[in-house]
Structures are given as structure tokens and as C-alpha cells.
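**Student:** So the protein sequences, as listed, match chains A and B. Per numbering that gives the first Met the number 0, the very first residue in the first sequence carries number 0; after that it's consecutive. Per numbering that gives the first Met the number 0, the very first residue in the second sequence carries number 0; after that it's consecutive.
To be clear, the hints were calculated from the coordinates, so they are not data collected in a lab. Remember, predicted model here, so these are calculated numbers, not experimental data. Glycine included, every Cβ here is placed at the ideal spot set by N, Cα and C. Take the hints with a grain of salt, since some may be wrong.
As the list claims (entries may be wrong) - Below, a list of computed lysine to aspartate or glutamate pairs in the EDC-like style, where the Cα atoms sit at most 20 angstroms apart: (1) A:LYS450 <-> B:ASP115; (2) A:LYS509 <-> B:GLU65; (3) A:LYS649 <-> B:ASP106; (4) A:LYS147 <-> A:ASP201; (5) A:LYS461 <-> B:GLU29; (6) B:LYS32 <-> A:ASP640.
As the list claims (entries may be wrong) - Partial list, computed: chain B residues near chain A (C-beta under 8 angstroms): (7) LYS32; (8) MET36; (9) SER60; (10) ASN75.
Stated by the list, open to error - If you anchor each label on the Cβ, the simulated ranges turn out as follows: (11) B:MET62 <-> A:GLU447: 29 to 35 angstroms; (12) A:GLY658 <-> B:GLU65: 56 to 62 angstroms; (13) A:GLN455 <-> B:GLU65: 39 to 45 angstroms; (14) A:ASN471 <-> B:ARG82: 41 to 47 angstroms.
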Amino acid sequence: MARKNPRSDAARSEESAAAVSRRKFLAGVAVTSAAATAATGGANAATPPAGAAKVPSVLRPTAHQVALEANVVTEVKPMAGRAGSDFMVDVIKSLDIEYCYANPASSYRGIHESLINYGKNTTPEFITCMHEESSVAMAHGHFKVSGKPQMVLCHGVVGLMHATMAIYNAWADRVPVIVVGGNDLDAARRAPGVPTYHSGQDINALVRDITKWDDNPVSLQHFAQSFVRAYKMSMTPPYEPVMIALDGGLQEEPMNEHGGSLYIPKYVQTAPPHADLNALRETAKLLVNAENPVIVVDRMARSQDGINSLVQLAELVQAPVIDQSNRMNFPNTHHLCQSTQAQPLIRNADLIIGLEVADFWNTVNLFIDNGLENGLGTRQSRVKPGTKLITISSAELNQKSNYQDFQRFQSVDISMVGDTEASLAFLIEAVKSAIGNDRKAAYEKRGEAMKKDWQQSHERTKQAAVIGWDANPISVPRLCAEVWAQIKDLDYSFVASRSGIGSWPNRLWKMDKHHHWLGGSGGGGVGYGLPASVGAAHANKPLGRFSVSMQGDGDLMFAPGAMWTAARHKIPLLSVLQNNKGYHQEVMHVQRMSNRRNRVANLGTTIKDMGPVGTRIENPDVNYAKLAESMGWYATPPISDPAELGPALKRAVEVVKSGQPALVDVVSQAR
Amino acid sequence: MRIVQRKLGLAVVAVGLMLGQASALAASAEKGKSLFMTYGCFQCHGTVGQGGNAGPKLAPSPMPYEALANFVRTTNRQMPPYREAVLPNEDLADIYAYLESVPAVPDYKTIPILKD
């Protein structure tokens with residue numbers, strides 16, 4: 000029976016459900032009566048004839064008595080025909096979704112059973128997760144490698160509540176995830192107690208502000224349309240998560256109640272939108288004539304093609320590129336990669352082109368949280384007067400009001416909406432057409448200056464890494480240099496990092512492939528690092544790539560269960576733990592407030608910590624090795640001697656190459 | 000406005016002179032190392048003052064004491080100012096002695112894994 004949407008037709012739905020209940024009740028009564036009659040007859044047949052010589056002291060129980068004792072009052076027949084959730088699996092399979100990351104839940108038991116039995120647990124394969132936040136983060140990490148959205152199943156209400164922070168990360172990071180939440184809509188039919196606590200009138204409302212689209216299908220055909228539409232919308236730039244609420248009744252009802260004309264809509268990917276051609280031509284003219292142009296990139300390259308196109312554009316005019324590192328956008332081996340020179344380049348620029356820059360205001364302005372200006376902090380322009388500002392952004396095609404990921408408003412001279420990767424080919428052609436011979440010498444001179452700057456910056460970075468080389472706790476640059484020494488000859492993928500590591504890997508490691516650096520969490524929600532690394536490593540595994548993550552200790556403790564998922568599903572990952580025993584972003588916030596109020600930050604009275612109360616993870620120290628080993632990982636004890644780090648990493652690399660996840664616990668500096 | 004700026008400038012010089020006197024006291028690098036940790040300097044500048052993504056390099060070869068002290072007391076930059084009530088002059092002098100004690104570093108080319 001097709002379920003009705005209670006919001007639009009509640010009365011009819013209740014009446015219809017009641018009718019079904021009555022039909023089933025009457026059928027049950029009929030079966031019970033028949034059983035009772037049979038039992039009575041049986042009992043009569045067993046009654047001995049009058050005058051019989053012996054009567055046993057204990058009579059055999061009747062069939063009716065046996066049935067009552069066993070609580071069997073009706074015979075439950077198997078479902079006739081295929082379940083509705085079998086059809087749902089057909090729809091999901093049509094989109095070639097590889098994995099379903101999920102923590103099991105009653106509200107999606109119908110589709111769970113169909114996925115593993117009818118669907119043979121392939122495409123998608125059910126990946127057991129220990130928290131819905133981890134499920135979403137794993138799908139998030141997987142996409143950044145595979146470029147294919149994965150599915151997350153979660154329990155209605157409570158499971159979705161667990162998932163929300165990770166959905167926000169995916170939203171802010173422009174990553175598609177297909178989130179499906181089980182829900183028992185029918186109040187007259189669902190079980191009382193916990194299942195009703197876990198049901199909602201509109202569970203999608205929880206995540207509507209951080210998903211591109213959502214739906215609540217009320218028939219199987221509706222599900223097919225909605226699922227394919229959700230997939231299509233999530234995969235049209237800007238990529239974003241989508242949400243489908245899945246009614247429990249719809250999963251469990253037979254397909255034949257939905258008629259025989261069910262079909263699966265064909266999926267055709269939407270061509271990405273490009274920026275306006277006239278605006279691109281105007282941009283090209285300004286770029287070829289600028290004396291000090293700068294290209295700033297953030298979440299620009301969706302693929303290696305995006306990187307290659309950006310290299311081509313930058314080389315045409317020898318323009319420096321500042322990579323804000325939320326994706327791998329530009330090879331750090333290229334002389335035009337000038338990310339370390341961001342501030343002087345922006346100060347001197349006469350043209351700044353921002354490509355998919357999430358926070359352009361903060362790129363061209365400076366904010367200092369110093370309590371000045373009536374407590375608002377110092378805000379001043381980073382650019383000189385007259386500097387032309389241009390942006391291309393797909394995010395503007397899909398902005399919502401509530402959450403502030405669109406950042407502070409920045410006026411610009413040319414603003415284009417469109418996907419940058421799709422727009423670059425047009426911009427490159429426009430630049431080629433606009434370049435005059437008179438500019439070529441200037442480009443050559445600029446290119447030579449950039450080569451010199453790049454080399455000097457490279458040398459300065461390495462020399463800076465030497466300070467504190469033998470320090471204990473181990474310095475962050477030493478840590479990054481030791482990891483690089485072990486992975487530099489592998490086809491590696493740096494799948495996640497934490498803010499305390501800073502840009503050291505991007506400065507010390509050679510990065511020129513899209514998979515060499517996947518970027519951060521997006522929304523800055525802690526608890527992304529471990530599960531996203533597991534998801535990304537999962538996608539890297541069939542590609543033969545070596546996955547490495549710089550893991551924060553605080554982040555790990557948000558969702559350590561993700562380690563079990565990696566071991567259970569044999570996902571090789573080198574997780575290098577930057578064990579700095581604290582939440583260091585917050586250390587400085589508390590310190591700032593204390594100083595502003597002329598007070599000494601309280602480090603504790605009975606137990607002295609190495610940071611203000613509430614910001615440290617010590618006394619007692621967490622035994623991460625035991626934690627990891629308990630969930631099937633190879634792990635090292637805490638390493639605080641820099642000399643021991645290289646050999647420990649070497650052993651762990653071999654373990655990971657054999658197919659196991661490994662954790663190397665490095666007692667390291669704060670940042 | 001200019002008057003305000005001049006007064007601020009004089010105040011900075013006065014603080015500098017006062018701190019200069021403090022630095023003349025017998026400063027202890029060993030004590031300074033401990034204070035560098037308990038005041039949380041290491042959180043942004045690293046345990047040997049090497050600097051990091053949250054704070055600049057302080058050592059080896061720290062800036063002159065007066066300049067450092069002026070900055071610590073009056074900064075309006077990203078670092079919050081540490082007034083004397085929070086960080087006494089004597090402690091600041093010890094911290095400076097510690098930074099001065101950090102040895103110079105070798106050329107990176109002498110370290111095999113940085114050489115490539």
C-alpha cells in the first residue's frame with residue numbers, strides 16, 4: 000500500500016492505516032479461530048471412550064494449550080512478492096554507489112536487509128560505522144579521492160542528530176554525500192516507546208540548512224525519482240550533500256502494492272555551469288595588462304584537469320598563485336606557487352583574481368582579534384587603493400541564510416558565478432587572444448623573479464625547519480620531514496591534517512597530483528580527521544595509493560570508533576598522531592581573555608597542567624597505542640625522542656603496505 | 000590625535016626603560032625555560048622559540064631585550080599583550096635569558112633528510 004504524506008493528507012492516511020489494521024486484525028482472528036477449532040477437535044479425539052480401563056494421571060496438552068504456552072496465536076506468513084526496499088536497492092545500484100557507510104538502526108531495517116540479502120552486499124557494500132558523524136565523514140573523505148558520492152544510512156532523529164556536524168563539514172567543503180535517514184512516519188502503525196521517540200514529522204528539517212536538496216518520498220516511484228534527482232543535484236557544482244527521508248512502511252511494504260509500472264529514471268550528469276563569457280573576456284584583458292597580478296585559489300580544482308588548467312593560465316602571464324590549500328590546486332614544485340609569499344604579493348597587487356575562494360574578505364582584508372575598536376578587533380585593508388578584485392565562484396549559486404559559511408561580504412570589480420574548473424578553458428582562450436607581443440618581455444621578467452623568489456622561499460623553509468630539530472617534544476617540522484622521508488618514493492595521498500601542523504607538509508613535501516593533498520574539513524568541526532582519513536584511504540586502496548594522515552589527538556578522541564571500521568574492513572592507513580596533549584586553538588583564546596582582563600590564566604590548583612584549565616588532554620595521558628591495538632591496529636608506544644621517529648615510521652609504513660592500518664603516536668610540540 | 004600618539008610613544012619608552020632595568024637583574028636561563036612553558040609561550044612559539052604557524056621565531060638570536068619587552072607589554076598584533084600583573088618583569092627577564100641560551104642551528108644541508 001502506498002503510504003500517504005501525513006502533512007498533506009493526514010486524515011485519509013490515518014483512516015487508511017486503520018482500515019489495514021482492521022483487515023489484518025480480522026484475518027488474525029480468523030486464523031486464531033481456526034486453530035482453536037482444530038485444537039478443540041483434537042482434544043475431543045484424544046478423549047478416551049467411557050469405561051476405558053486406565054486414564055493417565057497427566058493428560059497430554061492440547062494443540063491449543065501448546066500454542067498458548069509458546070505465545071503462538073497466529074501464523075505469520077512470509078511476504079508475498081518482493082519488498083519495496085528491494086526496488087530501492089535497484090535504484091541505488093543503478094547509480095553505481097560503491098559503499099553505504101552506516102551504523103545499524105531499526106528505522107531502516109527494511110532497506111538494510113535488502114542491501115545485504117537482495118543486493119548481495121555489493122555496490123553498495125555496507126560499511127559498519129560506530130557513529131553517524133563518522134559515517135558521513137568517511138563518505139566525505141571517500142569522495143575527495145574517488146570523485147563519486149557515497150551513501151550514508153542513518154537512524155531517524157537521533158542518528159541524524161549525530162550526523163549533523165559532519166554534514167555541515169561536507170556542506171562547507173562542497174562535497175556531495177547522499178544521506179538517507181530511516182523514519183517511521185505513520186503514528187498509527189509505528190511501535191510505541193523508543194521507535195516513536197526516534198520518529199519525526201520532518202526529519203530533513205534538521206539538516207535543511209546544510210543540504211542542497213531533500214525529499215520525503217511517499218511511494219516507491221517517488222523514491223526512484225527523488226534518489227536519482229538527489230544524486231544529480233549533489234553532483235552539479237557546487238557539490239553539496241543531499242538528504243532523503245525513508246519511511247519505514249515504504250521500505251517494508253510489498254512492491255506489488257505500488258503497481259507494475261515502476262521504473263528507474265536514467266541518470267545523466269549535469270554539465271557544470273561556467274562563468275559569463277563577456278565577464279571572462281573582461282577579466283582576461285585586465286589580467287594580461289596587470290603589472291602585479293595575483294591568482295588566489297581555495298576549493299578550485301575538482302580534479303587533476305583543474306590543476307593542469309590553472310598551471311596553463313598562470314604560465315601564460317607568469318602570474319603568481321596563492322593556494323589557500325583547501326584542495327590541491329597548484330603544484331608546490333612550480334615556480335609560480337608563491338603561497339608562502341601571500342602577504343607581500345597581495346599588498347603589492349594591482350589585480351587579484353579569487354577562484355572559488357570561500358573567504359575573499361579575509362584574503363584582501365586583515366582582522367586582528369586584539370580587543371581594539373570597541374572590542375571588535377582591528378580590521379584593515381590588505382590591498383592598496385585601486386587594486387582590481389575579481390571572483391569566480393560556484394558557491395554563490397547555492398547559498399542559504401542560516402549558517403554563515405558564505406563569510407563576510409566583499410565588494411569586487413567583476414563578480415562571476417559559475418564553476419571555475421569549467422570556466423578556466425574559456426578564460427585561457429580569452430587570455431591567449433588578449434595577449435599582445437608587447438607584454439611578453441614583462442611576463443618573462445616576472446617569471447624569472449618568481450623563480451628566484453620560489454628558490455629563496457624553499458631554502459628559508461628548510462632552514463627554519465632545523466630550529467628545534469632535536470627538541471623534545473618533537474618539533475612539527477621535524478615530524479613532517481621524517482614522515483616525508485618515508486613516503487617520498489610512494490604514490491602517496493595526504494588525506495587529512497590538523498591545524499597545528501600548519502602548512503609544513505605543503506612546504507616540505509612535493510605535491511603535484513590532485514590526490515597528494517585532499518584539504519581540510521570544510522566547516523572546521525573537530526572529529527573529521529580520523530573518519531575522513533579512513534574514508535579517503537578506503538577509496539585509495541583499490542588505486543594502490545599509500546594513504547597518510549596527520550591526526551590530532553583531540554580530533555581522534557571525538558570518534559575513535561572509526562579505527563575499528565578501518566581494521567574491520569582492512570583499510571590501510573598510516574595515521575601519524577600529533578600528540579600535543581591539548582586543544583591548542585582554545586589555549587590561546589583563554590589566554591587572550593585572561594590577558595585582556597589582566598588575570599593570570601589558571602593552570603589548575605591540585606593538578607598543574609601545561610595550559611589553562613579545560614584545554615589540556617593530560618593527567619592522565621591517553622594511551623593511544625592501547626586504544627588503537629584494542630581495535631585491531633598496529634600501533635607504536637608514544638615517541639618523544641626525535642631519533643626514534645624515523646625507524647618507527649619506517650616500520651609502520653611496511654605494516655600499512657601489507658594492508659593494515661597503523662598509528663604512530665608522536666609526542667610533539669603544540670603547533 | 001598626534002598628542003595621544005606622542006603620549007603612547009613616551010609610555011612605551013618608559014616601559015622599555017623599566018624593563019631594561021629588570022633585565023639587568025640576575026636572570027636565569029634555567030628558570031626562564033620553565034617559565035617559558037608555564038606562561039604558555041611554547042604554545043605558539045615552540046619549546047625552543049623556533050616559531051610555528053601561530054607565532055614567529057624568537058630564537059636563536061632573539062631580538063634585543065628592550066624590543067622584545069616592549070612588544071610583549073604593548074602589542075596590539077595577533078599576540079595578546081602580557082602586562083606586568085600577568086607576567087612580572089623578573090620572569091620576563093628569565094624568559095629572555097632562556098631564549099638567549101638557545102644555540103645556533105646548523106645549515107639544513109648537513110641534515111640528510113632535508114638535503115634533498
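**Student:** Given SER60 (chain B) as an interface hint, is the shortest Cβ-Cβ distance to chain A below 8 angstroms?
**Tutor:** Violated. Min distance 10 angstroms.
**Student:** Run the distance test for LYS450 (chain A) versus ASP115 (chain B): straight-line Cα separation, threshold 20 angstroms.
**Tutor:** holds, 18 angstroms
**Student:** Against the range 29 to 35 angstroms, how does the distance between the Cβ atoms of MET62 (chain B) and GLU447 (chain A) compare: consistent or not?
**Tutor:** With Cβ atoms ~34 angstroms apart, the hint holds.
**Student:** Does the Cβ distance between ASN471 (chain A) and ARG82 (chain B) fall inside 41 to 47 angstroms?
**Tutor:** violated, 32 angstroms
**Student:** Quick check on a hinted range of 39 to 45 angstroms for GLN455 (chain A) and GLU65 (chain B), using CB atoms only.
**Tutor:** Once the Cβ atoms are compared, 30 angstroms apart, the range 39 to 45 angstroms for GLU65 (chain B) and GLN455 (chain A) is violated.
**Student:** Take the C-beta atom of GLY658 (chain A) and the C-beta atom of GLU65 (chain B), compute their distance, and say whether it sits inside 56 to 62 angstroms.
**Tutor:** holds, 59 angstroms
**Student:** For the restraint on MET36 (chain B), tell me whether the closest CB of chain A is nearer than 8 angstroms.
**Tutor:** OK, holds: MET36 (chain B) within 8 angstroms of chain A, min 6 angstroms.
**Student:** Take a quick look at whether LYS461 (chain A) and GLU29 (chain B) sit within 20 angstroms of each other, Cα to Cα.
**Tutor:** violated, 29 angstroms
**Student:** Please verify whether LYS32 (chain B) and ASP640 (chain A) have alpha carbons no more than 20 angstroms apart.
**Tutor:** Holds, at about 19 angstroms.
**Student:** Between LYS147 (chain A) and ASP201 (chain A), is the straight-line Cα distance small enough, at 20 angstroms or below?
**Tutor:** violated, 28 angstroms
**Student:** Given the hinted pair LYS649 (chain A) and ASP106 (chain B), is their Cα-Cα distance within 20 angstroms?
**Tutor:** With Cα atoms ~25 angstroms apart, LYS649 (chain A) and ASP106 (chain B) exceed 20 angstroms; violated.
**Student:** Does ASN75 (chain B) hold up as a contact with chain A if the rule is Cβ-Cβ below 8 angstroms?
**Tutor:** Status holds, d = 5 angstroms.
In this structure, the earlier hints numbered 2, 3, 4, 5, 7, 9, 13 and 14 are contradicted, and the remaining ones agree with it.
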